[in-house]
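Q: Protein chains in written order, with the working numbering: chain V, 1 to 116; chain R, 1001 to 1113.
Worth double-checking, as some hints may not be accurate.
[Claimed, not checked] Label-pair restraints from in silico Cβ distances:
1. 1068/R / 10/V: 25 to 33 Å
2. 16/V / 1015/R: 30 to 38 Å
3. 1095/R / 30/V: 33 to 41 Å
4. 1010/R / 28/V: 44 to 52 Å
5. 87/V / 1045/R: 18 to 26 Å
6. 1016/R / 70/V: 49 to 57 Å
7. 1113/R / 104/V: 29 to 37 Å
[Said to hold, decoys possible] Derived contacts from chain V toward chain R, CB cut-off under 10 Å, selection only:
8. 27
9. 31
10. 33
11. 43
12. 47
13. 107
Calculated from the structure, these hints are not laboratory results. For each residue, glycine too, the CB sits at the ideal point set by N, CA and C.
Here is what each chain is made of, one letter per residue.
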Amino acid sequence: GAGVSQTPSNKVTEKGKYVELRCDPISGHTALYWYRQSLGQGPEFLIYFQGTGAADDSGLPNDRFFAVRPEGSVSTLKIQRTERGDSAVYLCASSSPTSESTDTQYFGPGTRLTVL
Amino acid sequence: GNSVTQMEGPVTLSEEAFLTINCTYTATGYPSLFWYVQYPGEGLQLLLKATKADDKGSNKGFEATYRKETTSFHLEKGSVQVSDSAVYFCALRMYGGYNKLIFGAGTRLAVHP
């Protein structure tokens, strides 16, 4: 079946611009996560949705970052007034947690964001 | 806070060599532990996991044992192949932590014929 998809695969923007990154989770997965991976580092958690609501947004670095999931499926990560330090690969993952011990997160291929 | 430390790479091995990638963690409770792998040009994939102390996760010839006494989850494989060349990430998830994963920095493995 279809995995997690993310669009665009690459995004180049200029400092100060607004960007939107999209994530399509695996059909039926209620949980959705955003992570950010800087060069040479492991992914860092940004935000977690359970259904339509953000259950944990403690990883968002500042108020320029915002994410929505209005219908409990597709999610959009929005970054305002982009800065060069925002350049990274943004990863989306989804899961269907029946219990914490069995939950597995499935990752998309990521969106590489470059801020010039 | 909760964190994961992995051995630095790159790790370069010849085919059929034995592999160990060290991973240790710091956690305030008892986490679940994971190894993810990222093959060139592909997304992160779960390789194996263990949810409690002394559990052994295994997959594709890779193994890791959850050692609470040493707070470790070292990845091992008895005989690596060229196709195992990838970046390996150790991660933890705290119970009641809303499922977010905390990753190590990753270890690049290069296997040569």
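Q: Which numbered hints are broken by the structure, listed smallest first?
A: Failing hints, ascending: 1, 2, 3, 4, 8.
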